[in-house]
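Just need the whole structure built from these sequences, with the hints factored in.
Here the sequence shown stands for residues 1 to 480, where the numbers follow my numbering.
Keep in mind that a hint or two might mislead.
When the alpha-carbon atoms are kept at most 25 Å apart in a straight line, the in silico DSS-like pairs for lysine-lysine are as follows [claimed, not checked]: (1) Lys-416 x Lys-473; (2) Lys-167 x Lys-354; (3) Lys-416 x Lys-441; (4) Lys-307 x Lys-31; (5) Lys-350 x Lys-416; (6) Lys-123 x Lys-168; (7) Lys-378 x Lys-412.
Hints are computed from structural coordinates only; laboratory data are not their basis.
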Amino acid sequence: MKSRWVYCFGILTLVVSSYCAADDFPIEQWKAWRQHTTDRCPQETWLQYATQEEAGWSSERLQEAREYYDTIDSAAVMVVYDGAVLAAWGEVDRRFPCHSIRKSLLSALYGIHVADGDIDLDKTIAELNVDDKPPLTDAEKEARVSDLLKSRSGVFHPAAYETAKMKKNRPPRGSHKPGEVFWYNNWDFNTLCTIFEQETGTKVFEDFQKRFAVPLGMEDFRLQDTYYHLEEEHSIHPAYPFRLSARDMSRFGLLFLRRGKWQDRQILTDRWVRESTASHFQQGDTTSNSQYAYGYLWWRIVDGPFKDLGMYSARGYGGHAIDVLPVADLVLVHRVNTFWDVCSRFVSEKHRVKDSERFKLLDMILRARVSQPKADPKMVPFECSRETTDAIQLDPNTLDRYARKYDFGEFKLCVKRSGDRLLIGSPGMGDFSLLPLSETKFLMEDVRLPVTFHLDDKGNPTGMTIERAPDKKFEGQPVT
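Structural data, given as structure tokens:
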């Protein structure tokens with residue numbers, strides 16, 4: 001009986017040890033395969049492997065990852081290996097909110113202007129003459145720009161674009177000195193935008209377009225999809241939300257994977273890529289996900305199975321992420337449809353993917369890698385599975401007719417004409433294009449909500465209906 005128990009225990013030990021060993025990725029083998037990659041970057045459009053086997057990946061295992069993706073709340077995923085599309089699921093050309101990924105975008109802009117000598121990271125906010133309403137204390141003004149980049153300013157002032165959790169958990173003002181502790185702080189992130197624009201003499205969105213969107217060939221970026229989010233009752237420093245597509249965010253992630261170099265041009269210094277994505281945690285610093293530490297507005301993996309892959313991430317509310325894995329030569333961009341999450345009071349209406357779910361998806365993708373890529377893998381142009389909209393052209397007089405403010409009770413929206421199209425929005429959400437389907441029916445672009453204008457006998461608008469769901473409609477009246 002004892003020998004049988006020992007035998008069974010031995011089998012169990014073998015199974016368990018095999019499972020544990022499977023947790024380790026073949027790092028040395030992947031490093032050897034890395035010598036066979038090309039460091040390619042996309043041109044005007046992405047290239048895609050004709051088959052995933054051309055890149056050394058199992059299409060069968062990637063299909064299993066796709067099936068798992070379908071079970072979680074993801075809206076789009078794009079996987080880039082050696083500068084070409086390995087897999088793309090969902091609407092990778094749809095511009096979703098980036099939420100806190102905006103911070104990593106700003107960090108990259110800082111990298112350019114620090115190298116050019118426009119911004120001194122050692123200056124204090126007192127030296128920069130930065131203040132707020134209510135005003136900062138002398139002690140708070142001792143925070144340096146580098147403290148803000150590491151989210152260690154010690155300035156626990158109310159800020160724009162905070163979640164309820166951030167407001168609830170904010171430490172009391174004056175409880176810590178600048179540089180003393182890490183606390184994820186929207187005041188730091190927003191004030192960095194003010195400092196950036198003051199010191200460089202540029203606007204953050206226009207400079208992002210110039211420094212990154214244009215040279216990287218972003219296909220969906222528009223200034224229209226950026227805006228300043230100001231909450232004057234809390235702070236004079238605005239947030240700076242972006243809406244970007246997965247395929248454009250993949251270009252940004254690939255730039256970092258290429259250590260700041262794009263084709264033959266060094267856009268970011270290799271030093272900034274390394275410094276900004278390294279951990280700047282000190283003893284005692286913690287986050288809600290212990291696998292991550294914080295850099296300069298980037299998250300660095302410091303524990304868990306992805307640590308040895310050199311992984312770092314730009315992360316946003318709801319599960320948005322740009323994951324960069326240098327050892328695997330891979331970028332994963334993950335998107336969630338969070339258009340309504342911030343304003344919704346109902347948890348059931350929110351779309352979220354946990355870090356653990358995204359990590360499981362990433363793990364399944366990585367375990368689909370079975371060999372080195374072919375010497376000359378066959379490529380094909382990448383084509384999005386785009387949802388087409390049968391938009392029509394309306395004459396300027398019709399467009400002008402709708403241009404006015406509409407009162408929905410709890411909120412107001414403004415419709416305005418921009419060239420040959422209509423935009424709808426508010427200071428708190430930015431502007432969205434209204435795609436005309438008929439003279440009175442429109443589709444709010446990217447959000448994908450039907451909008452209907454109601455007219456009187458003379459053709460003047462008497463109301464607007466926004467159909468969030470068949471049983472959830474917002475009714476607005478024109479403001480006279």
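Straight-line alpha-carbon gap Lys-307 to Lys-31, limit 25 Å: Within the cut-off at roughly 15 Å; holds.
Does the structure keep Lys-416 and Lys-441 at a Cα separation of 25 Å or less? Roughly 16 Å between the alpha carbons, so the hint for Lys-416 and Lys-441 holds.
What's the verdict on Lys-416 and Lys-473, does the C-alpha distance respect the 25 Å limit or exceed it? Holds, at roughly 22 Å.
Keeping to a limit of 25 Å between CA atoms, is the pair of Lys-350 and Lys-416 held or broken? Between Lys-350 and Lys-416 the Cα gap is close to 29 Å, so the pair fails against 25 Å, i.e. violated.
Are Lys-378 and Lys-412 close enough, with their CA atoms no more than 25 Å apart? violated, 52 Å
Need the status of pair Lys-123, Lys-168: alpha-carbon distance at most 25 Å? violated, 30 Å
25 Å limit on alpha-carbon distance, applied to hinted pair Lys-167 and Lys-354: Holds. Lys-167 to Lys-354 sits at ~21 Å (cutoff 25 Å).
In summary, the numbered hints that this structure violates are 5, 6, 7.
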